[in-house]
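Q: Okay, here's what each chain looks like letter by letter:
6 protein chains.
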Amino acid sequence: MVYIQRRETFSASHRLYNSSWTEEKNFNVFGKCSNKRGHGHNFQLIVTVKGIVNPETGFVMNLADLKNIIVNNIIDHVDHMNLNEDVPFLKEIIPSTENLAIVFWEVLSPLINNQGANLHCIRIIETENNSVEYFGK
Amino acid sequence: MVYIQRRETFSASHRLYNSSWTEEKNFNVFGKCSNKRGHGHNFQLIVTVKGIVNPETGFVMNLADLKNIIVNNIIDHVDHMNLNEDVPFLKEIIPSTENLAIVFWEVLSPLINNQGANLHCIRIIETENNSVEYFGK
Amino acid sequence: MVYIQRRETFSASHRLYNSSWTEEKNFNVFGKCSNKRGHGHNFQLIVTVKGIVNPETGFVMNLADLKNIIVNNIIDHVDHMNLNEDVPFLKEIIPSTENLAIVFWEVLSPLINNQGANLHCIRIIETENNSVEYFGK
Amino acid sequence: MVYIQRRETFSASHRLYNSSWTEEKNFNVFGKCSNKRGHGHNFQLIVTVKGIVNPETGFVMNLADLKNIIVNNIIDHVDHMNLNEDVPFLKEIIPSTENLAIVFWEVLSPLINNQGANLHCIRIIETENNSVEYFGK
Amino acid sequence: MVYIQRRETFSASHRLYNSSWTEEKNFNVFGKCSNKRGHGHNFQLIVTVKGIVNPETGFVMNLADLKNIIVNNIIDHVDHMNLNEDVPFLKEIIPSTENLAIVFWEVLSPLINNQGANLHCIRIIETENNSVEYFGK
Amino acid sequence: MVYIQRRETFSASHRLYNSSWTEEKNFNVFGKCSNKRGHGHNFQLIVTVKGIVNPETGFVMNLADLKNIIVNNIIDHVDHMNLNEDVPFLKEIIPSTENLAIVFWEVLSPLINNQGANLHCIRIIETENNSVEYFGK
Numbered sequence: 000m001v002y003i004q005r006r007e008t009f010s011a012s013h014r015l016y017n018s019s020w021t022e023e024k025n026f027n028v029f030g031k032c033s034n035k036r037g038h039g040h041n042f043q044l045i046v047t048v049k050g051i052v053n054p055e056t057g058f059v060m061n062l063a064d065l066k067n068i069i070v071n072n073i074i075d076h077v078d079h080m081n082l083n084e085d086v087p088f089l090k091e092i093i094p095s096t097e098n099l100a101i102v103f104w105e106v107l108s109p110l111i112n113n114q115g116a117n118l119h120c121i122r123i124i125e126t127e128n129n130s131v132e133y134f135g136k
Numbered sequence: 000m001v002y003i004q005r006r007e008t009f010s011a012s013h014r015l016y017n018s019s020w021t022e023e024k025n026f027n028v029f030g031k032c033s034n035k036r037g038h039g040h041n042f043q044l045i046v047t048v049k050g051i052v053n054p055e056t057g058f059v060m061n062l063a064d065l066k067n068i069i070v071n072n073i074i075d076h077v078d079h080m081n082l083n084e085d086v087p088f089l090k091e092i093i094p095s096t097e098n099l100a101i102v103f104w105e106v107l108s109p110l111i112n113n114q115g116a117n118l119h120c121i122r123i124i125e126t127e128n129n130s131v132e133y134f135g136k
Numbered sequence: 000m001v002y003i004q005r006r007e008t009f010s011a012s013h014r015l016y017n018s019s020w021t022e023e024k025n026f027n028v029f030g031k032c033s034n035k036r037g038h039g040h041n042f043q044l045i046v047t048v049k050g051i052v053n054p055e056t057g058f059v060m061n062l063a064d065l066k067n068i069i070v071n072n073i074i075d076h077v078d079h080m081n082l083n084e085d086v087p088f089l090k091e092i093i094p095s096t097e098n099l100a101i102v103f104w105e106v107l108s109p110l111i112n113n114q115g116a117n118l119h120c121i122r123i124i125e126t127e128n129n130s131v132e133y134f135g136k
Numbered sequence: 000m001v002y003i004q005r006r007e008t009f010s011a012s013h014r015l016y017n018s019s020w021t022e023e024k025n026f027n028v029f030g031k032c033s034n035k036r037g038h039g040h041n042f043q044l045i046v047t048v049k050g051i052v053n054p055e056t057g058f059v060m061n062l063a064d065l066k067n068i069i070v071n072n073i074i075d076h077v078d079h080m081n082l083n084e085d086v087p088f089l090k091e092i093i094p095s096t097e098n099l100a101i102v103f104w105e106v107l108s109p110l111i112n113n114q115g116a117n118l119h120c121i122r123i124i125e126t127e128n129n130s131v132e133y134f135g136k
Numbered sequence: 000m001v002y003i004q005r006r007e008t009f010s011a012s013h014r015l016y017n018s019s020w021t022e023e024k025n026f027n028v029f030g031k032c033s034n035k036r037g038h039g040h041n042f043q044l045i046v047t048v049k050g051i052v053n054p055e056t057g058f059v060m061n062l063a064d065l066k067n068i069i070v071n072n073i074i075d076h077v078d079h080m081n082l083n084e085d086v087p088f089l090k091e092i093i094p095s096t097e098n099l100a101i102v103f104w105e106v107l108s109p110l111i112n113n114q115g116a117n118l119h120c121i122r123i124i125e126t127e128n129n130s131v132e133y134f135g136k
Numbered sequence: 000m001v002y003i004q005r006r007e008t009f010s011a012s013h014r015l016y017n018s019s020w021t022e023e024k025n026f027n028v029f030g031k032c033s034n035k036r037g038h039g040h041n042f043q044l045i046v047t048v049k050g051i052v053n054p055e056t057g058f059v060m061n062l063a064d065l066k067n068i069i070v071n072n073i074i075d076h077v078d079h080m081n082l083n084e085d086v087p088f089l090k091e092i093i094p095s096t097e098n099l100a101i102v103f104w105e106v107l108s109p110l111i112n113n114q115g116a117n118l119h120c121i122r123i124i125e126t127e128n129n130s131v132e133y134f135g136k
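Here the protein sequences come in this chain order: A, B, C, D, E and F.
Per numbering that gives the first Met the number 0, the very first residue in the first sequence carries number 0; after that it's consecutive.
Per numbering that gives the first Met the number 0, the very first residue in the second sequence carries number 0; after that it's consecutive.
Per numbering that gives the first Met the number 0, the very first residue in the third sequence carries number 0; after that it's consecutive.
Per numbering that gives the first Met the number 0, the very first residue in the fourth sequence carries number 0; after that it's consecutive.
Per numbering that gives the first Met the number 0, the very first residue in the fifth sequence carries number 0; after that it's consecutive.
Per numbering that gives the first Met the number 0, the very first residue in the sixth sequence carries number 0; after that it's consecutive.
Think of the hints as simulated: they come from the structure by calculation, not from any bench.
Any given hint could turn out to be false.
Reference excerpt, derived from the structure (chain B facing chain A, CB under 8 Å, subset only) [unchecked claim]:
#  : residue
1  : Ser10
2  : Ala11
3  : Asn27
4  : Cys32
5  : Asn34
6  : Arg36
7  : His38
8  : His40
9  : Lys49
10 : Pro54
11 : Asp78
12 : His79
13 : Asn81
14 : Asp85
15 : Pro87
16 : Ile123
Mimicking DSSO-like on lysine-lysine, the simulated pairs with C-alpha atoms at most 30 Å apart in a straight line are [stated by the list, open to error]:
#  : chain 1 : residue 1 : chain 2 : residue 2
17 : C       : Lys24     : F       : Lys90
18 : D       : Lys49     : C       : Lys66
19 : B       : Lys35     : B       : Lys49
20 : D       : Lys35     : D       : Lys24
21 : A       : Lys66     : A       : Lys31
22 : F       : Lys136    : E       : Lys136
23 : C       : Lys49     : A       : Lys136
24 : C       : Lys35     : C       : Lys24
25 : F       : Lys31     : C       : Lys31
26 : D       : Lys136    : A       : Lys66
27 : E       : Lys31     : D       : Lys35
28 : B       : Lys66     : F       : Lys35
29 : F       : Lys136    : F       : Lys90
30 : F       : Lys49     : B       : Lys136
31 : D       : Lys136    : A       : Lys49
32 : C       : Lys31     : C       : Lys90
33 : F       : Lys49     : E       : Lys90
34 : C       : Lys66     : B       : Lys66
35 : A       : Lys90     : A       : Lys136
36 : D       : Lys66     : E       : Lys35
37 : C       : Lys90     : F       : Lys35
Cβ coordinates follow ideal geometry from the N, Cα and C atoms, glycine included.
Modelling step: build the complete structure from the supplied sequences, incorporating the hints.
A: Written as structure tokens, this is what we have:
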């Protein structure tokens with residue numbers, strides 16, 4: 000079993016806000032992250048896939064295919080977007096980094112598992128100090 | 000003459016948009032960066048100050064003072080903000096990285112020149128691939 | 000179960016030295032790291048916490064709280080200090096990076112577990128080439 | 000149980016090519032990576048070793064010894080080399096990053112296990128976007 | 000006058016070798032870099048352009064245009080190539096990083112100067128420890 | 000004229016302290032940096048040399064020679080040392096990063112100018128946020 004990792008990046012804005020709370024409670028919990036007009040980040044998305052090495056290619060999975068799956072299904076939908084309003088598959092959630100990781104797992108897992116390998120981890124780096132990992136359960 | 004550099008970071012959203020143009024022209028020039036609801040970045044701001052080394056301290060300028068000047072006058076006003084709408088000193092401009100560098104120079108230059116040193120360069124890193132420098136003229 | 004990571008940094012000096020050994024044996028085992036007057040590093044401390052995502056906030060744990068726990072209980076005690084002499088909770092040990100990781104775990108684990116989440120890993124990066132991880136057992 | 004990591008770097012060229020295939024099939028699978036005269040990378044090799052902390056030294060294993068094992072047995076054989084042709088222990092394989100990780104494990108594992116610690120992971124970073132991990136089974 | 004920077008990356012192999020010298024003299028001067036079958040790097044190319052900020056766009060030059068000029072005229076010709084043999088515009092030179100910087104300047108300078116801005120600097124980072132800058136004279 | 004850069008790293012401790020001042024004035028000016036037992040950093044030293052490219056080698060100066068000059072004359076004297084007490088050529092100064100840059104220039108400049116090239120800049124990175132540059136006048 001070998002683990003391969005592919006990194007892609009996207010820039011997006013978001014706002015942390017629970018619409019069932021008052022403005023004041025939102026500010027108490029989320030601080031500056033609840034700013035009404037949003038703020039943004041350069042996010043890094045790191046996808047880890049595990050599998051057996053194919054002796055004909057030396058690959059767990061062709062990285063060009065993995066890149067295309069990530070770009071077509073995630074990056075093209077979130078890059079230079081507002082994560083609260085522009086992305087259909089994020090509509091029902093608070094776009095915290097934790098929730099992004101869970102939703103990206105749900106989008107990518109069936110597509111990668113189709114390739115004879117398995118999604119192992121979604122890591123999202125929000126800033127140089129903050130990141131999140133999700134292993135699917 | 001010795002040059003010292005201090006780095007601070009901020010996360011913000013912006014939209015590149017010229018209000019005297021049509022939506023279509025904005026999209027042709029600015030592409031995804033003109034997305035209506037904004038997108039965002041983790042910006043790095045690197046301020047270079049030049050001066051003579053004070054023999055009593057070994058310093059061009061106390062970095063704690065430089066940090067306070069940058070944080071109080073720039074970072075606290077732009078971090079977790081929407082650069083098009085939330086920041087009074089950015090109100091009249093398109094918040095491109097070039098324009099941010101020029102405005103930050105205008106804010107910081109008199110404050111630093113008060114300290115017996117001189118502002119030399121404002122550098123802003125927008126993404127790992129894109130950055131801007133301004134030397135004040 | 001989602002894993003969140005917070006990075007903080009500190010600068011400190013230390014000396015690797017076993018007081019029950021001769022100077023010569025210390026030099027043979029620890030090399031330049033046993034230099035009598037100490038040497039120093041910019042350390043990075045990366046704390047990983049695991050837990051369930053709270054549906055009201057989208058958070059495993061508020062990163063502002065996690066930051067405060069790390070800064071108040073570790074960083075404020077070790078930053079710009081001599082790890083052999085200035086830090087009460089490091090008094091009885093050789094301040095190798097391995098031992099720092101174990102002691103920091105003991106300090107942080109009960110404080111984080113009070114927050115409804117669990118400490119998962121202490122990682123300390125000593126230089127760009129050397130780092131240590133401890134998972135608590 | 001504590002985990003320590005040592006990073007070393009090497010620059011090398013390789014070509015991804017299956018000699019039992021036509022040129023055309025090689026290009027379809029490996030793309031530009033099959034270019035006849037090779038291409039190259041600055042690889043980072045990160046070796047993780049796990050063990051108990053020795054109370055006399057505070058070390059899982061002396062990092063100077065770990066560095067020497069890695070440099071003498073891997074780096075000196077691959078740095079500034081062509082991985083398809085210059086390295087005896089890579090002769091029979093396609094030098095994909097996956098296969099490098101598996102072979103480096105086989106070389107290093109018995110040498111490290113001799114030191115009273117155990118090899119835990121071989122990580123190879125090929126570019127800032129692509130990396131591989133192998134845990135030995 | 001504002002300076003903008005765009006970074007692109009490429010992976011390539013090269014060999015430092017003066018064909019008018021003996022093998023032995025080549026090894027004495029170039030060391031492992033003269034290895035017959037080549038070795039390789041992940042190069043970073045950083046292009047700095049200077050100009051006036053256009054008040055209609057806030058740009059010195061559209062970064063999308065700058066990216067296209069660099070990718071079409073440099074990256075597509077050198078990425079995953081052998082710099083000694085595969086690249087017509089490098090044919091007559093020893094592909095040291097210094098010479099790459101000079102040749103890339105000659106390729107890019109007229110194309111960028113066509114855009115109403117001016118090429119200011121070519122920087123090439125060969126490894127995390129080695130880099131080169133060229134300002135065109 | 001081409002500029003080449005070589006990076007080397009060292010770990011050291013220092014204390015910012017003016018012996019003609021009281022403890023209290025030292026603390027007011029230098030803060031935690033005046034801690035009696037010192038603190039430390041992983042410093043990066045980046046040396047920029049300028050010169051003409053030698054057509055026989057493609058080099059401004061052999062990087063192996065530049066590395067040896069830096070390591071033998073600076074790194075071996077400061078790595079894993081206390082900069083206030085262990086380094087003869089730093090004895091008379093406050094070891095601020097500014098003063099380190101000036102002294103390192105004085106040490107390296109004549110040695111590099113002997114090689115048919117010229118020292119252009121000493122850059123010292125003290126932490127990821129603080130650095131200093133000196134151009135020799």
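Q: Now, for every hint given, state plainly whether the structure supports it.
A: Here is what the structure says about each hint:
1. Ser10: holds, 5 Å
2. Ala11: holds, 5 Å
3. Asn27: Hint violated; Asn27 of chain B Cβ to chain A Cβ min 15 Å, cut 8 Å.
4. Cys32: Holds - the Cβ of Cys32 of chain B comes within 8 Å of chain A, reaching about 6 Å at its closest.
5. Asn34: holds, 5 Å
6. Arg36: holds, 3 Å
7. His38: holds, 4 Å
8. His40: holds, 5 Å
9. Lys49: This interface hint is violated because 27 Å lies over the 8 Å limit.
10. Pro54: violated, 36 Å
11. Asp78: Hint holds; Asp78 of chain B Cβ to chain A Cβ min 7 Å, cut 8 Å.
12. His79: holds, 4 Å
13. Asn81: Holds, because the Cβ-Cβ distance from Asn81 of chain B to chain A comes to roughly 4 Å (cut-off 8 Å).
14. Asp85: Since the shortest Cβ distance to chain A is 6 Å, the answer is holds.
15. Pro87: The hint is violated - Pro87 of chain B has no Cβ within 8 Å of chain A, the shortest such distance being about 14 Å.
16. Ile123: Hint violated; Ile123 of chain B Cβ to chain A Cβ min 13 Å, cut 8 Å.
17. C:Lys24 x F:Lys90: holds, 29 Å
18. D:Lys49 x C:Lys66: holds, 28 Å
19. B:Lys35 x B:Lys49: Violated, because 40 Å separates the two Cα atoms, which is more than 30 Å.
20. D:Lys35 x D:Lys24: holds, 13 Å
21. A:Lys66 x A:Lys31: Violated, because 34 Å separates the two Cα atoms, which is more than 30 Å.
22. F:Lys136 x E:Lys136: holds, 23 Å
23. C:Lys49 x A:Lys136: With Cα atoms ~12 Å apart, Lys49 of chain C and Lys136 of chain A stay inside 30 Å; holds.
24. C:Lys35 x C:Lys24: Holds, at roughly 13 Å.
25. F:Lys31 x C:Lys31: It holds: about 25 Å lies between the C-alpha atoms, which stays within 30 Å.
26. D:Lys136 x A:Lys66: holds, 26 Å
27. E:Lys31 x D:Lys35: Measuring from Cα to Cα gives roughly 22 Å; hence the hint holds.
28. B:Lys66 x F:Lys35: Distance ~24 Å between Lys66 of chain B and Lys35 of chain F Cα, so the pair holds.
29. F:Lys136 x F:Lys90: Status holds; Cα separation ~22 Å.
30. F:Lys49 x B:Lys136: Satisfied, since the Cα-Cα distance of roughly 26 Å is no more than 30 Å.
31. D:Lys136 x A:Lys49: Measuring from Cα to Cα gives roughly 12 Å; hence the hint holds.
32. C:Lys31 x C:Lys90: holds, 22 Å
33. F:Lys49 x E:Lys90: holds, 25 Å
34. C:Lys66 x B:Lys66: holds, 20 Å
35. A:Lys90 x A:Lys136: holds, 22 Å
36. D:Lys66 x E:Lys35: holds, 28 Å
37. C:Lys90 x F:Lys35: Given that 30 Å is the threshold and the Cα spacing comes to 17 Å, the pair holds.
When each numbered hint is compared with the structure, violations occur for hints 3, 9, 10, 15, 16, 19, 21.
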